[in-house]
Each structure stands twice: as C-alpha cells, then as structure tokens.
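*Asks:* Sequence:
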Amino acid sequence: MAEDIFDKIISGEIPSYKVYEDDDVLAFLDLSQATPGHTLLVPKQHVADIYAYDDALAGKVLTKIPFIARAIKASDDKIIGMNILVNNGEQAGQSVFHSHIHFIPRYQDDGLNLPAPTEAHDISEAEYEKRAQQIRDQF
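Numbering (the working numbering), first residue to last: 1488 to 1626.
None of these hints come from the bench; they were simulated from the model. Incorrect hints may appear among the rest.
[Stated by the list, open to error] DMTMM-like cross-link-like pairs, simulated, lysine to aspartate or glutamate; straight-line CA separation at most 20 Å:
hint : residue 1 : residue 2
1    : K1547     : D1509
2    : K1495     : D1517
3    : K1531     : E1500
4    : K1551     : E1490
5    : K1505     : D1494
6    : K1531     : D1509
7    : K1531     : D1563
8    : K1531     : D1494
9    : K1531     : D1510
10   : K1565     : D1596
11   : K1495     : D1510
12   : K1551     : D1510
13   : K1551     : D1517
14   : K1551     : D1596
15   : K1547     : D1564
16   : K1495     : D1536
17   : K1547     : D1511
18   : K1531     : E1490
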C-alpha cells in the first residue's frame, strides 16, 4: 500500500505542528485552519475510514476525542464551541484516505458555515421506521 500524507507525517518524513502524540495516535494542526486551532487526530495504524476500525482501534482512537477537544478549548478563551467531524468516503468530503477526525474550534462571528444547513423533509412515519429498522437489523 502506498503511503499517504498522514503516514508520512506520522513517520516524521513530513513535518507537522504536533499538539499530541502517544503510541496509538497523533494530533496536529490542519494546514487549512478552517478556524484557528483546527486540529486533526489520526490513528497511527493506517485505516482508510471509520468502517475499518475494529473495537481495539476504536478504543485507542475514539476515547481521545474528549481529551483533545478539552485541550483545544482550553487553549483559547475565545473558543465558544467546536465541530468534531469525521468524513468517510469521497462523497462525504474525505480527501485523504487515512482515517482522521477534525476538531474545528468555533468563535463568535467566525463566518464558517458549519454545520451543514438542515431543513425539514417531507418523509412519512413509515419511511422513517423503515430506515431505522434497516439500521437496527445490522446490529
């Protein structure tokens, strides 16, 4: 498998602005900085997306979310909220196919248009129940 940019950051081949690292994960500033402090959390184990996580990897990575979020929020008293996003698949906006979690601090009047606008949908109760049952059947 070819290395991606995150593998190269993890190995140190490409420099990054690290904010946290342990045996399982690396957190570093996203160069796009959607807002100041925009951070990515990546597992050191290469997996393409959340669907590739097993329970052990999920325990190592996902339990770090509150830990990283609290540190980012505490870093700037102007942070009043945070979007935590995981894009899975190209259609969902994933551009690097190494699983990663975005932490996007929110500031008063930051101008960032997240989350995506929501609006009511004309969906029947039967259709909602059908969709819910299709998901429940997978557990």
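*Asks:* Now tell me, hint by hint, if it's right for this structure.
*Replies:* Taking the hints in turn, this is what the structure says about them:
1. K1547 with D1509: With a Cα-Cα distance of about 10 Å, the restraint between K1547 and D1509 holds, given a limit of 20 Å.
2. K1495 with D1517: 14 Å, holds
3. K1531 with E1500: Status holds; Cα separation ~14 Å.
4. K1551 with E1490: Answer violated: K1551 to E1490 is near 24 Å, above 20 Å.
5. K1505 with D1494: Measuring from Cα to Cα gives roughly 14 Å; hence the hint holds.
6. K1531 with D1509: Given pair K1531, D1509 holds - Cα atoms ~9 Å apart, limit 20 Å.
7. K1531 with D1563: 27 Å, violated
8. K1531 with D1494: The hint holds at about 7 Å.
9. K1531 with D1510: Status holds; Cα separation ~8 Å.
10. K1565 with D1596: Status holds; Cα separation ~11 Å.
11. K1495 with D1510: Distance of about 16 Å is within 20 Å: holds.
12. K1551 with D1510: 12 Å, holds
13. K1551 with D1517: It holds: about 17 Å lies between the C-alpha atoms, which stays within 20 Å.
14. K1551 with D1596: Measuring from Cα to Cα gives roughly 28 Å; hence the hint is violated.
15. K1547 with D1564: Answer violated: K1547 to D1564 is near 29 Å, above 20 Å.
16. K1495 with D1536: 17 Å, holds
17. K1547 with D1511: 6 Å, holds
18. K1531 with E1490: 12 Å, holds
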